[in-house]
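K.L.:
Sequence:
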Amino acid sequence: MQVDGIVDGQVHVEGSLVVAESGRVKGEIFANHLIVNGIVEGNCHAEHIQILANGRVKGKVWSNNLSIEPGGKFFGETAEFPDHEVVNLKSKEPSSTNNMLKEAKKPELKAEAKKTA
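With our numbering, letter number 93 in the sequence shown gets 108, and the count goes up by one each step, no holes.
Rather than coming from a laboratory, the hints here were simulated on the basis of the structure.
Among the clues, some could well be false.
Here are the simulated SDA-like cross-link-like pairs (lysine to any residue), alpha carbons at most 20 Å apart as the crow flies [to be verified]:
#1 K75 to F89
#2 K88 to E29
#3 K41 to H60
#4 K75 to G42
#5 K73 to G42
#6 K75 to E43
#7 K73 to V33
#8 K75 to G87
#9 K41 to P97
#10 K73 to G57
#11 K75 to F96
#12 K75 to E62
#13 K88 to A35
#14 K88 to G30
#15 K73 to E56
#16 K73 to I54
#17 K75 to K88
#18 K41 to P85
The task is simple: from the sequences and hints, build the whole structure.
P.N.:
Structure below.
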């Protein structure tokens with residue numbers, strides 16, 4: 016996909032996104048490969064990011080492969096692109112507070128024996 020005009024908002028691309036010299040993106044970008052020869056303002060998430068000679072990027076960049084040609088400009092910070100997303104799962108075991116509540120709700124069973132004559 017190639018941007019030759021102005022995009023304001025979030026961009027999701029499965030493959031490559033090219034921001035041409037006449038292109039401008041203001042917003043968050045998610046792509047496998049990002050090539051910037053125009054202007055990008057916002058956070059970028061891509062495995063490979065190339066800032067070409069006329070490219071300008073301002074924002075935080077998550078990538079494992081960032082290259083900037085002479086003349087290209089980058090203003091911001093970088094971070095490593097995660098290999099995979101980490102998700103924390105809650106334990107299936109009830110917490111001790113839940114156990115105490117369950118215990119408190121249990122009815123007490125009392126057996127009384129009466130003698131009959």
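K.L.:
What's the verdict on K75 and K88, does the C-alpha distance respect the 20 Å limit or exceed it?
P.N.:
Distance of about 13 Å is within 20 Å: holds.
K.L.:
Does the alpha-carbon distance linking K73 and G42 stay inside the 20 Å limit?
P.N.:
Roughly 10 Å between the alpha carbons, so the hint for K73 and G42 holds.
K.L.:
Check whether the Cα positions of K75 and G87 lie no farther apart than 20 Å.
P.N.:
16 Å, holds
K.L.:
Starting from K73, check that the Cα of V33 is at most 20 Å away, please.
P.N.:
16 Å, holds
K.L.:
Quick one, are K88 and G30 close enough, alpha carbons at most 20 Å?
P.N.:
23 Å, violated
K.L.:
Please verify whether K73 and I54 have alpha carbons no more than 20 Å apart.
P.N.:
Roughly 8 Å between the alpha carbons, so the hint for K73 and I54 holds.
K.L.:
Is K41 close enough to H60, meaning Cα to Cα at most 20 Å?
P.N.:
Holds, at about 14 Å.
K.L.:
Keeping to a limit of 20 Å between CA atoms, is the pair of K41 and P97 held or broken?
P.N.:
23 Å, violated
K.L.:
Could you grab the alpha-carbon distance between K75 and E43 and see if it respects the 20 Å cut-off?
P.N.:
10 Å, holds
K.L.:
Between K73 and G57, is the straight-line Cα distance small enough, at 20 Å or below?
P.N.:
Given pair K73, G57 holds - Cα atoms ~6 Å apart, limit 20 Å.
K.L.:
Does the alpha-carbon distance linking K88 and E29 stay inside the 20 Å limit?
P.N.:
Distance of about 25 Å is beyond 20 Å: violated.
K.L.:
Taking only the CA atoms, is the gap from K41 to P85 under or equal to 20 Å?
P.N.:
With Cα atoms ~23 Å apart, K41 and P85 exceed 20 Å; violated.
Violated hints for the displayed structure, listed by number in ascending order: 2, 9, 14 and 18.
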